[in-house]
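Heads up: the sequence lines are chains A and B, in that order. Just so you know, we're using the working numbering here: the first sequence kicks off at 1 and counts up by one. Just so you know, we're using the working numbering here: the second sequence kicks off at 1 and counts up by one.
If you are wondering where the hints come from, they were derived from the structure by calculation, not from laboratory data. Only a predicted model underlies this, so the values are computations on that prediction, with no experimental measurement involved. Backbone N, C-alpha and C define an ideal beta-carbon position, used for all residues, glycine too. One or more of the hints may lead you astray.
Said to hold, decoys possible - Simulated restraints, written as ranges between beta carbons of each label pair: (1) B:I108 with A:E229: 32 to 42 Å; (2) A:A226 with B:I108: 56 to 66 Å; (3) B:I183 with A:I163: 31 to 41 Å; (4) A:T144 with B:L105: 30 to 40 Å; (5) B:K35 with A:Q85: 24 to 34 Å; (6) B:H124 with A:K3: 44 to 54 Å; (7) A:P237 with B:Q223: 56 to 66 Å; (8) B:E334 with A:Q131: 52 to 62 Å; (9) B:K35 with A:E229: 33 to 43 Å; (10) A:G203 with B:T333: 51 to 61 Å; (11) B:Q223 with A:K222: 53 to 63 Å; (12) B:L177 with A:V14: 44 to 54 Å.
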Amino acid sequence: MKKIYAHPRSLREVSTHYCPGCGHGTAHRLIAEVIDELGIRERVIGVAPVGCAVIAYDYWDFDCSEAAHGRALAVATAIKRVRPQNIVFTYQGDGDLAAIGTNETIHAANRGENLTVIFINNAIYGMTGGQMAPTTLLGQKTATTPSGRKADGQGYPLKISEILATLPGVRFVERTSLISPPEIMKTKRAVKEAFLNQINNIGFSLVEILSPCPTYWGVSPKDSLAWIENLLAKEFPVGRIK
Amino acid sequence: MGNEAIAEGAIQAGCRFYAGYPITPQNEIPAYMSKRMPEVGGVFIQAESELGAINMVFGASAAGARAMTSSSSPGISLKQEGISYIAGAELPAVIVNIMRGGPGLGNIWPSQADYFQATRGGGHGDYRCLVLAPSSVQEAYDFMFPAFSLADSYRIPVMILGDGIMGQMMEPIVKTLNPKPKIPRKPWALTGCKGRKPNVAKSFYMREGDLEAANLHSQQKYQAIQKKEERYEAIGLEDAKVILVAYGTMARISRSVVARLRQKGKKIGLIRPITLWPFPAEIFKKLVAGRKRPTLLAVEMSYGQMVEDVRLAAVDGKLPVEFLGRAGGGVPTEEEIIKKLGRLR
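Isolated chain A, as found in the complex (with noise of 0.2 Å):
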């Protein structure tokens, strides 16, 4: 018989601590069954965020390393420039990499640095509570947007990808979402071209993933997916960037 699905080798066999219908885990996994099918887990170091994912190193079967919150591409870009050889990526949310990394992240691409970059976006800070993140959408209401959250004030969804995408150090930025399983498949094929640009040495790669958090968004786990359907892939457009 032949095996065609099994539990991916950098994934460990273990229960994760996310939410139902959370979708770390399955980004999780996706980036295991690519590096898988790459054949790199013993060539990757993974730089783990601060948030609901920063025990993803308790999860993936590979070299990994925490960041300061915000920060995780100054270690990589620090990884990567001391061992080139390594496959180095990271993987933060929306607070990470457009609130408190912003400056690390823009200027790691600005630098072209040769890393992949997994972005999840669900548009809240899960990990502490629920407060509203960058991308949080106008009129959303958050822990700290309790009427919803307004231009005036706290400005408006951050569309750091677009951002991103304006620098000539920048070889790949694509959106995606994880709302059902054709657009799995398409993050997942995103995720594949993010790595295998490190590999052929193309340079700086970024996926950001639309991701749902239903219990910050207040919704069940089913209506989370129409959730990003229906209102934040209408602020985020899932598709190629750059």
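Given the structure of chain A, go ahead and fit chain B onto it with the hints provided.
Then chain B, alone, in the frame of chain A:
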């Protein structure tokens, strides 16, 4: 120049990763490294900020390289989060602080007002940096060797505490050359998990008891360092009635005071801490246990930071401890020290 001696000493000691950001009075360090690192096949990055730089040092060190950053007072404040992470993840690193006047933006004149920041953590949590205080351009060069080897052997951040005078002054030195630096094996480094279980560089322990255990492990390291790594220099203690206590540039000035007054027959000595943490308490304990009762005069470019460690070491007032200091860019002169000595007792 002091700054250049630090950079070249680091290269000779095997430093192959430098990330930094311009700030006066240490700009010569990143400039020197930008030229020198590529010559030895190392990595130089002018980071986007001081805090970008310290996080790059975290990454480079986690990947097994001898990594260093440098800055001056306000930039060192920016690095405190990163230094705490480096300590928590038990990574080796060397951080150079060429102190300037503060607080805040202050000015670019020399200072020793970051002693507390250097020796009392600086960043959050229970951790220590091993702190070395050179007081000449020769020491600025020489100390880089123990800085990197102590950082590697204990897996801790090591801080070189200089000041604007030391960084900028020029003196001839003898350069020990070390063309093939020997770096110890680092089985814990992130190199790709080929042939072994994966490594994780982290300071995060959420399971009950794990963080406490990790902290206890680090505390044992710090206790070992306190037992074995104290360094100081002592001059003229045998018959001293007054002993100056000073480090770095203030030790140079104090040394001149001792020479001048000894010529006049005054019985004066100098204790120069070389490690600020661990503070060389042993020599003070010896003085306390001895039959004489010299007065200690701590002299700093601050309003009294190292003097607290002198008071602690002089064991609850068993020896009288006095203080003279100026800060905000002011430098105590020989004349001011001599005048203060005249007013003692």
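Right, here's what the structure says about each hint:
no. : hint                           : result
1   : B:I108 with A:E229: 32 to 42 Å : violated, 57 Å
2   : A:A226 with B:I108: 56 to 66 Å : holds, 59 Å
3   : B:I183 with A:I163: 31 to 41 Å : holds, 40 Å
4   : A:T144 with B:L105: 30 to 40 Å : holds, 31 Å
5   : B:K35 with A:Q85: 24 to 34 Å   : holds, 26 Å
6   : B:H124 with A:K3: 44 to 54 Å   : holds, 49 Å
7   : A:P237 with B:Q223: 56 to 66 Å : holds, 58 Å
8   : B:E334 with A:Q131: 52 to 62 Å : holds, 57 Å
9   : B:K35 with A:E229: 33 to 43 Å  : violated, 54 Å
10  : A:G203 with B:T333: 51 to 61 Å : holds, 56 Å
11  : B:Q223 with A:K222: 53 to 63 Å : holds, 56 Å
12  : B:L177 with A:V14: 44 to 54 Å  : holds, 51 Å
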